[in-house]
Structures are given as structure tokens and as C-alpha cells.
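Generate the whole structure from the sequences, applying the supplied hints.
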Amino acid sequence: MKTSETRFKGMRDLPSAHLLGTGTAMCAGCGGLEVLHEIYDILGKKTVFVNAAGCMTLLSIYPFTPFRGSWIYTAMASAPAGAQGVRDALDTLKRKERMKPADDLKVVCLTGDGSAYGMGLSSTSAAIDRGLDFLYICYDNEGYGNTGQQFSAATPHGARTSTSMGPRGFPGSKKDLFSIWAANSPAYAATVAGAEPLDLARKIEKADTAKGPRLILALSPCPVGWGYDPKDSVEIGKLAVKTGIWPLKEYIDGKVVHTKIPKKRLPVEEYLKRQGRFAHLFEPVRKDDILKEIQAGVDAYWEGVEG
Amino acid sequence: MKRRLLTGNAAAAWGARLADVDYIPAFPITPQTEIIETIAGWTDSGEMDASMVTMESEHSMITAAGTAAATGVRVFTATSSQGLLYAMEMLYTVAGWRAPFVLVNVSRALAAPVTLEPDHNDVLAARDSGFLQLHCSTCQEVLDGVLLAYRIAEDSRVRLPMIVNLDGFYLSFTREPVEVPTAKEAKAFLPPFDSKGMSFRASSPISQAVAVLGGGPYSYFRYETHLAALNALTVFDEAAEDFSKIFGRSYGSVESYRTEDAKYLFVMMGSFATKAREAVDRLRDEGWPIGLLRPRLVRPFPAEAIARLASGKEAVAVIDQNLSLGKGGVLFTEVSSVLYGQPGAPVMLSFIGGLGGRDISPEEFFEIAGVAKHAAKEGKAPPPRLLYTEDELKEVRKLQMIANVERGELEDEDE
Ligand SMILES: Cc1ncc(C[n+]2csc(CCOP(=O)(O)OP(=O)(O)O)c2C)c(N)n1
Ligand code: SF4
Ligand SMILES: [Mg+2]
Numbered sequence: 002m003k004t005s006e007t008r009f010k011g012m013r014d015l016p017s018a019h020l021l022g023t024g025t026a027m028c029a030g031c032g033g034l035e036v037l038h039e040i041y042d043i044l045g046k047k048t049v050f051v052n053a054a055g056c057m058t059l060l061s062i063y064p065f066t067p068f069r070g071s072w073i074y075t076a077m078a079s080a081p082a083g084a085q086g087v088r089d090a091l092d093t094l095k096r097k098e099r100m101k102p103a104d105d106l107k108v109v110c111l112t113g114d115g116s117a118y119g120m121g122l123s124s125t126s127a128a129i130d131r132g133l134d135f136l137y138i139c140y141d142n143e144g145y146g147n148t149g150q151q152f153s154a155a156t157p158h159g160a161r162t163s164t165s166m167g168p169r170g171f172p173g174s175k176k177d178l179f180s181i182w183a184a185n186s187p188a189y190a191a192t193v194a195g196a197e198p199l200d201l202a203r204k205i206e207k208a209d210t211a212k213g214p215r216l217i218l219a220l221s222p223c224p225v226g227w228g229y230d231p232k233d234s235v236e237i238g239k240l241a242v243k244t245g246i247w248p249l250k251e252y253i254d255g256k257v258v259h260t261k262i263p264k265k266r267l268p269v270e271e272y273l274k275r276q277g278r279f280a281h282l283f284e285p286v287r288k289d290d291i292l293k294e295i296q297a298g299v300d301a302y303w304e305g306v307e308g
Numbered sequence: 437m438k439r440r441l442l443t444g445n446a447a448a449a450w451g452a453r454l455a456d457v458d459y460i461p462a463f464p465i466t467p468q469t470e471i472i473e474t475i476a477g478w479t480d481s482g483e484m485d486a487s488m489v490t491m492e493s494e495h496s497m498i499t500a501a502g503t504a505a506a507t508g509v510r511v512f513t514a515t516s517s518q519g520l521l522y523a524m525e526m527l528y529t530v531a532g533w534r535a536p537f538v539l540v541n542v543s544r545a546l547a548a549p550v551t552l553e554p555d556h557n558d559v560l561a562a563r564d565s566g567f568l569q570l571h572c573s574t575c576q577e578v579l580d581g582v583l584l585a586y587r588i589a590e591d592s593r594v595r596l597p598m599i600v601n602l603d604g605f606y607l608s609f610t611r612e613p614v615e616v617p618t619a620k621e622a623k624a625f626l627p628p629f630d631s632k633g634m635s636f637r638a639s640s641p642i643s644q645a646v647a648v649l650g651g652g653p654y655s656y657f658r659y660e661t662h663l664a665a666l667n668a669l670t671v672f673d674e675a676a677e678d679f680s681k682i683f684g685r686s687y688g689s690v691e692s693y694r695t696e697d698a699k700y701l702f703v704m705m706g707s708f709a710t711k712a713r714e715a716v717d718r719l720r721d722e723g724w725p726i727g728l729l730r731p732r733l734v735r736p737f738p739a740e741a742i743a744r745l746a747s748g749k750e751a752v753a754v755i756d757q758n759l760s761l762g763k764g765g766v767l768f769t770e771v772s773s774v775l776y777g778q779p780g781a782p783v784m785l786s787f788i789g790g791l792g793g794r795d796i797s798p799e800e801f802f803e804i805a806g807v808a809k810h811a812a813k814e815g816k817a818p819p820p821r822l823l824y825t826e827d828e829l830k831e832v833r834k835l836q837m838i839a840n841v842e843r844g845e846l847e848d849e850d851e
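Residue numbers (my numbering), protein chains in the order written: chain A, 2 to 308; chain B, 437 to 851.
By construction, these hints were calculated from the structure, which means they are not laboratory data.
Glycine is no exception: its CB is placed at the ideal position from the N, C-alpha and C atoms.
Check each hint, because a few of them may be wrong.
Chain A is faced by these chain B residues, among others (derived, beta-carbon under 10 Å) [claimed, not checked]:
#	residue
1	Asp485
2	Glu492
3	Gly502
4	Gly508
5	Thr529
6	Phe636
7	Tyr656
Okay, structure coming up:
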């Protein structure tokens with residue numbers, strides 16, 4: 002899609018009214034909620050969200066819901082299977098003319114990284130195998146947020162979580178979920194950040210018009226889990242992009258395209274030092290080896306991109 | 437109506453076909469697989485206007501079954517054993533959604549040790565899930581049970597998913613003559629699915645299966661679901677009456693066989709109860725006042741019917757084809773809880789048998805009858821008994837010995 006084809010030519014074109022109700026149980030400054038607002042405004046209310054266990058499960062608490070459209074909570078492992086049941090049922094009802102076509106809905110999975118990268122990956126993989134027509138939104142706060150930010154398969158190298166409290170933080174490194182999807186020819190896949198709403202809007206627009214399995218992988222800064230002031234969520238998101246730690250890209254027509262290549266990447270330190278989860282890399286003594294490792298990982302990634 | 441020779445699995449598939457189901461999420465497992473293969477054949481040939489999808493696990497299968505039912509279509513699915521356990525989280529979940537659909541479970545004993553033959557530990561693990569349970573002992577009952585289950589599950593007083601249980605091998609692969617209703621007859625008994633507003637539609641958005649905060653709202657939903665499950669007792673009776681009017685076959689929530697003038701009763705569920713029935717006939721021939729109770733409904737538990745049929749008897753021997761490790765027979769506990777403290781409560785005896793498909797011989801039934809008679813006379817029950825013969829023990833010991841010798845030979849070769 003060229004710039005001329007999108008209805009989001011500039012920031013002015015972004016929706017100005019929010020669809021999602023306020024007063025939910027999410028923390029102040031929740032990056033996941035920010036990204037959900039931005040996505041929901043574009044998808045609209047003809048949607049049914051199929052949710053897996055995580056922070057967002059507490060959006061709908063009986064008898065209240067912030068959704069103008071529909072919602073169902075399933076379990077931690079099987080939101081994509083839940084999406085399968087809803088999609089198949091809607092298709093059956095249409096085929097058998099027991100439902101007006103106008104009553105059809107877009108089926109959207111909404112899960113955290115813990116589900117998307119881990120417990121739910123089997124049901125996700127199978128939904129991709131079956132070519133399920135659904136949009137998968139993963140809000141990636143890089144840990145099991147709801148249970149107190151233990152590390153998950155999405156936790157970045159060196160980050161301190163409640164189960165990686167040692168002086169060197171999380172010894173593993175973040176799994177590449179985007180590539181797992183991209184390797185299996187989805188209809189569309191993209192990374193987004195709430196702090197880059199125009200890039201996000203254009204991607205949601207594309208994802209919305211494609212048919213088949215689609216992924217939106219959204220970086221979701223989490224003030225509680227990452228350790229920073231809630232007012233800095235947008236800033237942290239911007240830094241993730243500017244340092245090149247969170248590449249904005251999409252998989253479309255068999256190719257991976259970067260949608261926003263930072264011209265001059267800021268040092269990763271600019272991003273890391275703003276968050277309590279990386280504080281141990283700077284105090285009481287600087288851990289240059291880990292900082293270098295992280296910088297080298299990012300540099301190597303972009304070298305591959307810029308060729 | 438047409439008579440055909442059908443296996444229990446084929447009878448289950450025919451039940452789904454005659455219920456005119458819309459959607460079948462599936463996953464293979466022995467001894468259930470024939471059900472989904474049969475249905476796949478019909479959906480492929482167009483004999484069934486339904487869509488079938490093979491999921492990657494039973495956990496996902498039950499999730500999809502639940503969300504599809506919550507979207508407003510009629511859903512059928514089937515599993516066994518490890519599959520039922522793998523789905524356990526979602527059994528509780530979709531029952532809590534009040535999503536009505538039918539799940540056929542073909543009972544197979546649980547690992548470890550892994551085996552293929554039946555007992556009821558799999559289905560009883562789902563006892564408290566909110567799924568209703570109907571247990572069958574013939575292939576006819578399997579087909580009829582699926583139709584009955586939809587009537588009960590979808591009733592607005594109930595609205596819960598229901599398990600129809602049949603025993604692996606003994607029923608799943610055994611051919612029996614089965615009366616197969618015509619589609620028209622089936623429809624007269626089971627009208628098309630009415631989701632009664634439970635659905636996802638653009639014009640009527642809804643949030644389903646939402647979280648609650650605190651014990652107040654949580655208890656509200658749990659109590660409501662429990663009361664709905666209890667409503668299924670009445671709904672079962674009504675549905676069974678309609679069924680008998682249309683098809684001429686009557687089903688009670690409890691099958692009682694030669695119990696009226698009996699002093700002693702066997703209590704069993706599932707296909708092994710037909711062995712107990714045989715034994716009753718042979719004991720009766722010899723003048724024993726003995727009968728059999730077989731709960732068809734296990735959830736909701738037909739407490740009143742059992743109390744009515746069993747009180748005043750001298751002794752009741754419950755033969756459990758399951759074992760709650762560290763406690764004993766599950767059905768024994770359930771039946772005892774119904775009778776305890778009631779006027780005319782019989783002496784209660786517990787026997788465990790039929791685990792992993794182990795046979796229960798006529799002689800064992802005669803022995804149980806003898807023990808029951810003696811207990812009635814003493815007014816005191818003996819400790820629970822695990823049925824096992826000396827020959828069986830010898831056989832296991834022999835196999836162990838042979839394996840040891842073989843192993844010794846292998847080790848000798850290594851040296
Ligand atoms: C089967 C199962 N195991 C564990 C949990 C406990 N649990 C609830 S939310 C959660 C973390 C989910 O992490 P993620 O998907 O990243 O979402 P987040 O909490 O970060 O929003 C866990 C472990 C659960 N709900 N279900
Ligand atoms: S813990 Fe993090 S992701 Fe969860 S609601 Fe709070 S800010 Fe959002
Ligand atoms: Mg998370």
C-alpha cells in the first residue's frame with residue numbers, strides 16, 4: 002500500500018474519539034492499553050475479541066465492559082482456538098442463512114506475550130496451519146505482567162524480572178515471534194508501537210483488509226513491570242524505536258519490509274537507563290559487557306537489514 | 437426407523453448426524469477415533485451439512501466447541517481418556533460459559549500405566565466440571581443418549597454442556613442392532629438449535645465469560661450453574677417421556693432391574709452393568725432376592741431416585757469401575773452419601789473391579805452377593821475389596837520372572 006492509498010496520510014487522519022470505554026482496571030500509563038485504544042479505534046466495533054489470561058483479562062469485569070463490540074475470555078493457552086470456534090460458527094451461520102451477512106464480525110485474538118510466545122504458541126501455530134481468518138494482537142510487555150512480571154520467552158537479555166533478580170538479569174534472550182509467523186506465510190504480520198501511531202494505523206488498515214492469519218505484535222511499555230514513571234510510556238516506546246531495539250516492520254506479499262528505519266540509531270543505553278529493570282546494568286557498577294552485548298545484538302540486526 | 441448393526445462409535449456418530457449438528461471440532465484418540473472418521477466421511481460426502489475442523493489438541497478442541505456454541509451453532513465433539521484430561525481446564529471453563537453442546541467420551545483408563553482398555557477414571561475426573569453426564573450401556577442407548585443430551589443441554593432451564601459416556605472396546609467396537617430413527621423423527625424430538633440470545637452478532641454486541649472480582653459474584657455464578665445442573669433432573673424426565681412417546685424406548689435417570697422385591701442390590705454404571713444384569717438373572721434362578729441399579733445420569737446425580745429405589749433394601753454392593761487413589765470407589769461414596777442417615781438405609785459395601793478393562797466374572801458377582809448377604813445379617817459392612825484373583829497375580833509374577841530371566845541373559849551377553 003502506497004501512502005496515496007492509505008486513509009491515514011498524516012497524524013490529522015487518526016481517529017480522534019476513542020471507542021474503548023474508560024475506567025478499566027489497567028495501571029496508569031499502561032502501554033498495552035494505549036496500543037489497544039489505537040487499534041480498536043481503527044478496527045471498529047464490529048469485532049469480537051477473544052482474550053487469553055493476562056492483564057487485559059481485567060478489562061471486562063462483571064457486570065461492566067469497556068467494549069462497544071463483543072468480547073470473550075478463554076484461557077491462557079487457547080485464544081486462537083477460541084477464535085477458530087467463533088469464526089467457524091459465524092461462517093456456518095452465514096452459509097446456512099441463519100444470520101444476516103451484516104451481522105458478521107471480525108475475529109480478533111488479544112493476548113500478552115506469555116501466551117503468544119509460549120503457552121498459546123501451539124494453538125497459534127495450528128490456527129496458522131489452518132489458514133484461520135483472524136487478527137492476532139499480542140501486546141508485548143516482555144513478561145508475565147499479570148502475575149507480577151516474571152520473565153517470559155519475550156523478555157529481553159539482561160532484564161531484571163521477578164524471576165531473574167540476579168546481578169546479570171535475564172540470561173536468555175527474546176524469542177523472535179515475528180519470524181516464526183513470517184516463516185509460515187501468514188496473510189500479514191507487523192510489529193507496531195503505540196508511540197508510533199501513524200505507522201500503527203497504516204498497518205492495522207492493511208491487516209484489516211487482508212484475509213487469513215494476521216499478526217500485530219505491539220511493544221507495550223509497562224511502567225509497573227519495567228520500572229519507570231507512568232508518564233514516560235510514550236517516551237520509552239519512542240526510544241525503543243529510535244535505538245533500533247524495536248524494529249518496525251511488516252511481512253507482506255512474502256517479504257519483510259521495514260517501515261521506519263531510524264536514520265541515526267541512538268545508543269541502546271538511552272533506552273535501557275530509563276528503566277528500573279535495567280538499572281543493575283548501570284549501578285552499583287556499570288556492566289559494560291552486557292551493555293555491549295545488547296548493543297552488538299541490535300547492530301547486527303540492522304546490519305542485516307541495511308545490508 | 438431402521439435397524440442397523442452399529443458399533444457404539446458408529447451409534448454416537450449417528451446421534452450427531454440425526455441431531456443435525458452444525459460444527460464438529462475434533463482430535464483423534466483411541467478408542468474414539470472411529471466417531472470422527474465416520475462423521476468426516478459424511479461431511480465430505482455431503483450427507484451431513486456440517487463443518488468439521490481438526491484441532492491440534494483437545495484443549496483447543498473444547499475451546500473451539502465452547503466458543504462456537506457461544507456464537508449460536510449446534511456443536512458436537514468426542515474424545516477419550518488422556519484427551520479428556522488434556523481438555524480439563526476448558527471443561528470447567530466452557531461449562532461456566534453455559535455453552536450447551538454434546539461431548540461423547542469413550543472411556544479408556546488413564547495413564548500411568550498407559551493402556552487402551554476402559555474404566556471410568558477419565559470421565560469421573562470431569563465429575564465436578566459442570567458438564568452433565570449420561571452413561572450408556574448399549575449401542576442403542578448411545579445413539580438415543582446423544583439426542584436426549586441435546587434436548588437437556590439446550591433447555592433454557594439448564595444450558596450446560598453434556599457428556600455422553602460409553603465404554604471403550606466393550607461398546608465402542610461392539611456391534612449391536614440399533615434402531616436408527618429417520619431424520620424427520622429425530623427432528624420431531626429435537627427441534628433446531630435456538631441459541632436464545634447467546635451469540636455474537638454485529639447488531640447485538642456482548643461481552644461473555646468476563647472476570648468477576650470477589651466471592652460474591654463468583655458464588656452467584658457457581659450457585660446458579662449448580663442449580664441449573666439440578667434442573668436437568670426434571671428436564672431429563674420430561675425429555676425421556678417425549679422420547680418414549682416418539683420412539684417407544686423409555687429411559688429413567690436410573691435403570692432398575694429386578695429391584696422391586698429384592699433384598700440386595702448391585703450398583704454399577706456403564707456397559708459392565710450388563711454383566712451384573714446377567715449375574716442377577718442367574719442368582720434369581722437360584723432364588724436370590726437380588727437386583728441391579730444403574731445410574732444413567734451421573735451429573736446431575738439422581739439422588740432421589742436412588743434413595744427411593746435403594747432404601748429398605750438390606751445391603752447394597754457398589755461395584756466401581758474406577759478408583760480414587762487413597763480413598764476408593766467414587767460411585768460408592770456418592771451412593772452412600774445419598775442413603776446415609778435415611779430411614780431404612782441398607783448396609784453399604786464397596787468393590788473395585790473392571791479397571792483397565794479387567795473382566796468381572798460371574799463367580800465374582802456371586803461372591804459379592806454372598807458377602808452382601810452376610811453383611812446384611814451382621815449389620816456391618818466389610819472393608820472395601822479390590823477384585824483380583826490369585827491366578828491374575830500368578831500371571832503377573834510369571835511375566836515379571838520371564839522378563840528378569842531375559843534381562844539376565846542380555847546382561848550375560850554384554851559381559
Ligand atoms: C493455565 C494457566 N497457567 C497460569 C496462569 C496464570 N497466569 C495468568 S496471567 C499470566 C501471565 C500472562 O502473561 P502474558 O501473556 O504476557 O500477559 P500479561 O500478564 O503480561 O498481560 C499467568 C501466568 C493461568 N491463568 N492459566
Ligand atoms: S502490569 Fe503493565 S501491562 Fe499490566 S496493566 Fe499494568 S502497566 Fe499494563
Ligand atoms: Mg506479558
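Comparing the hints with the structure gives:
1. Taking 10 Å as the C-beta contact cut-off toward chain A, the hint placing Asp485/B at the interface holds, the least distance being around 7 Å.
2. For Glu492/B, the shortest C-beta to C-beta distance to chain A is roughly 4 Å, which falls under 10 Å, so the interface hint holds.
3. The criterion of a C-beta within 10 Å of any C-beta in chain A is met by Gly502/B, whose closest approach is roughly 7 Å, and the hint holds.
4. Hint on Gly508/B holds. Least Cβ distance to chain A is approximately 6 Å, under the 10 Å limit.
5. Evaluation of the Thr529/B hint against chain A yields a held restraint, the C-beta minimum of about 6 Å falling below 10 Å.
6. Against a cut-off of 10 Å between C-beta atoms, the interface hint on Phe636/B holds, since the closest Cβ of chain A lies about 5 Å away.
7. Taking 10 Å as the C-beta contact cut-off toward chain A, the hint placing Tyr656/B at the interface holds, the least distance being around 9 Å.
This entry satisfies every hint, going by the numbered hints stated previously.
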